[in-house]
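Colleague: Work out the full structure, taking the sequences as your base and the hints as a guide.
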Amino acid sequence: MLEKKHHEYREKIQAFVKETIAPKASQIDVEQRFPAEYLKPMAEIGLMSMLIDEQYGGQPIDTVSYSIAVEEVSRVCGSTGITLAAHNSLGCFPIVAFGNDDQKQRYLPRAAAGEMLAFGLTEPEAGSDAGGTRTMAERKGDQWVINGSKCFITNASYAIATVATAKTSDDPKDPTITGFILDKEMKGYSVGKKENKMGLRGSDTASLHFDDVTVSDDYLLGKMGEGFKQMLITLDGGRISIGAMALGLGQGALDCALKYAATTRQNGKPIGFRQAIGFELATMATEIEAARLLIYEASMMKDAKLPFARNSAMAKLYASEVATRSAAKAIELLAEVGCYTGPYPAERIWRDVKLCEIGEGTSEIQRLVISRDLLKSVRQT
Amino acid sequence: MDFRLSEDDLELKQMAREFAEKRLYPRAEEFDEHETTPRELIDEAGELGYLGFTAPEEYGGMGLSAVAFGGVLEEICGGCAGFGILVSVHNSLCCEIVAKFGSEELKQKYLTRMVTGEWVGSYCITEPDAGTDVASLKATAVDKGDHFLLNGTKSFVTSGGLAGVLIVFAKTDSEAGHHGISCFIVEPGWDGVMLGKPEKKCGMKASDTREISLADVKVPKENLLGEIGAGFKMAVSILNSGRLGVSFQAIGIAQAALDEAVKYSKERHQFGQPIANFQAIRFKIADMATRLDASRLLAYRAAHLKDLGEPCHRECSMAKLFCSQTANYIVNEAVQIHGGYGYMKEYAVERYFRDARLTEIYEGTTEAQRMVIAKDILED
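Chains as they are written, first to last, in our numbering: chain A, 7 to 387; chain B, 26 to 405.
Hints listed in this document are in silico derivations from the structure and should not be mistaken for laboratory results. Among the hints, erroneous ones may be present.
[Stated by the list, open to error] Think about it this way: if two alpha-carbon atoms lie no more than 16 angstroms apart in a straight line, the pair counts; the simulated EDC-like pairs of lysine to aspartate or glutamate are:
no.	chain 1	residue 1	chain 2	residue 2
1	A	200	B	371
2	A	110	A	59
3	B	225	A	37
4	A	199	B	371
5	B	309	A	370
6	A	275	B	158
7	B	291	A	131
8	A	275	B	154
9	B	246	B	130
Modeller: Structure, rendered in structure tokens:
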């Protein structure tokens, strides 16, 4: 189902990951350190501009290749996987899809060169319910004055700019939401404290605060009132990348379990030949392969410009649940070795992967998206 | 079939809850971050009797039942599971094996100091290459006439850095398999005993876990615990206590996670109402509570049988298997109900999620429990 170019691309990314990312994957987790030194080499190989057109300095690839990249990076380091998924799908994509030429010129070449962009949607009181956004943009003369806070923002401390949603009407019956691009250098833009997380500890997550940040219409993304729609379209694509991240982590867990089961001998035989262990490996591998197909399918549909919202929700839902199960299984197979920091990263993967069931819409929200789409299609026939 | 706690047991449980709420829960995050438990907490637990709970009264213990201990352990683990593991291993394995097999002299010398918490017990059986397969352990004890000479390495020793007493299993006959294993009481201050660095763990971080190596450690003859060559049989005879301990730990963590999830689901508003109004959340809570109750019944039944002195091998393994799996299911759902907040260390469910994992692994993995249960059923 994949083309030759996809296999070649995978090999290229694998080689890059082995050389640049694998050596420090454990260290950045233990030290809870964002590996800023990766940004330049990742930009050179095109990982920072996978969705950006060449005219803005990007190295665009199709969505299947993008999924492969996130998968292969996450297979070795979940923290770097989410850094890339968030930068490309959430930071760059809204500007690529909804920005005007000026805005693209302003941000995309810098992003392609290794500077980061962030997406400011979630707020303390607006998680799954993005309609509950409290950040306000008030019109004063020909300017917008923006006030509010965003939380759990990936890459917040390093991003040069954030695509943030804000209410442009406070009529509770018509909560119009609009997207703005806000620069880190702007007066009133500040980064809050870095979150201390269970996993993905090498990824940067922090809050953002806007205190009378004042911008002209040049910083308004698309048209007024389109913020909610833009956000939904962005998340449809973003979910493929979180699914790909989960897939990579699940594959990483399987890699771990397989290596252990094939090399640990008891009673003269590798323990993988025992049914209780061998069959678990078979189940993990089968489920991971199914998740992979769902992700590639959603990726291909996106590239073919077919409606793919249901498919990306299914891919994300299934891949994250499979990966969480696989990581738990890997720990179980490795027993004590699995629960401690050491040569097998099973425990790190297990902590990392839980976020995939939460970020960019919890599993419950995916089920909501899928079930509504299913029911809608029945009504129409 | 009445496994309800007696009034006395309930009172003890309530006292343990107060201790957990005042002394453990508020500091559990700090213990997790610093990866240890302060000494003064061990003294406090000792004063309250939690470190000699089931040990005989004649040696200063409380002489209480496995059922009563279950209630107390649930509460302590709800407050801080990493500290609970110290309490559990100390009582269920270390005090129990000394009380059961120690000579009068050993009990006077060691058990009386263990029950107060002055000397915390560490159980040294697992080795880098001997986990579930105990018979393959490599540590040796050689009879040198007036003493034994011990050599070997023990891994994942719970409370290793805090211990006053080490219960060490070693081979006295390398040819005899199971029958060649003996058990010794070793003091960590003796020449040749070396503490490794604390292990970096994913959960139960408040528990000090490390490697302990023994290099030509001279152990007096009288510190042989039980008969020579009886170590394996002794270890097997206290497996039930250990498995019960883990069952109650799992229940304690699960109850705490469920409590947090219920509280959060009522406070968190999305789409204009508390998320507790949504069926997806309500059904999760119903399933979590049902499975937790079933776990409790399995664990208290096993403890009750143990108190009656009846065979309970299968029941203890079933309790351990089911309680630990249930705990992992519940903490996972509790994090899920919390959404993004559940992934952050500011919320206790993040810690419960990591802590619960070990309950499916130590004192016999989930797989080892299944082996025990299946064997017991098939060979019955």
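Colleague: Check whether the Cα positions of residue 246(B) and residue 130(B) lie no farther apart than 16 angstroms.
Modeller: Holds, because 12 angstroms separates the two Cα atoms, which is no more than 16 angstroms.
Colleague: Decide if the proposed pair is consistent with the structure: residue 200(A) and residue 371(B), CA atoms, cutoff 16 angstroms inclusive.
Modeller: Holds - the C-alpha atoms of residue 371(B) and residue 200(A) are around 12 angstroms apart, at most 16 angstroms.
Colleague: Holds or violated: residue 275(A) and residue 154(B), Cα atoms, limit 16 angstroms.
Modeller: Holds, because 15 angstroms separates the two Cα atoms, which is no more than 16 angstroms.
Colleague: So if I understand the rule, the pair passes when the alpha-carbon distance is 16 angstroms or less; does residue 199(A) with residue 371(B) pass?
Modeller: holds (13 angstroms)
Colleague: Below or equal to 16 angstroms on CA atoms is what counts here, so check residue 275(A) against residue 158(B).
Modeller: holds (14 angstroms)
Colleague: So if I understand the rule, the pair passes when the alpha-carbon distance is 16 angstroms or less; does residue 309(B) with residue 370(A) pass?
Modeller: Measuring from Cα to Cα gives roughly 11 angstroms; hence the hint holds.
Colleague: Residue 225(B) and residue 37(A) were given as a pair; does the straight-line alpha-carbon distance stay at or below 16 angstroms?
Modeller: holds (12 angstroms)
Colleague: Check whether the Cα positions of residue 110(A) and residue 59(A) lie no farther apart than 16 angstroms.
Modeller: holds (10 angstroms)
Colleague: Take a quick look at whether residue 291(B) and residue 131(A) sit within 16 angstroms of each other, Cα to Cα.
Modeller: holds (14 angstroms)
Checked against the numbered hints above, the structure violates none of them.
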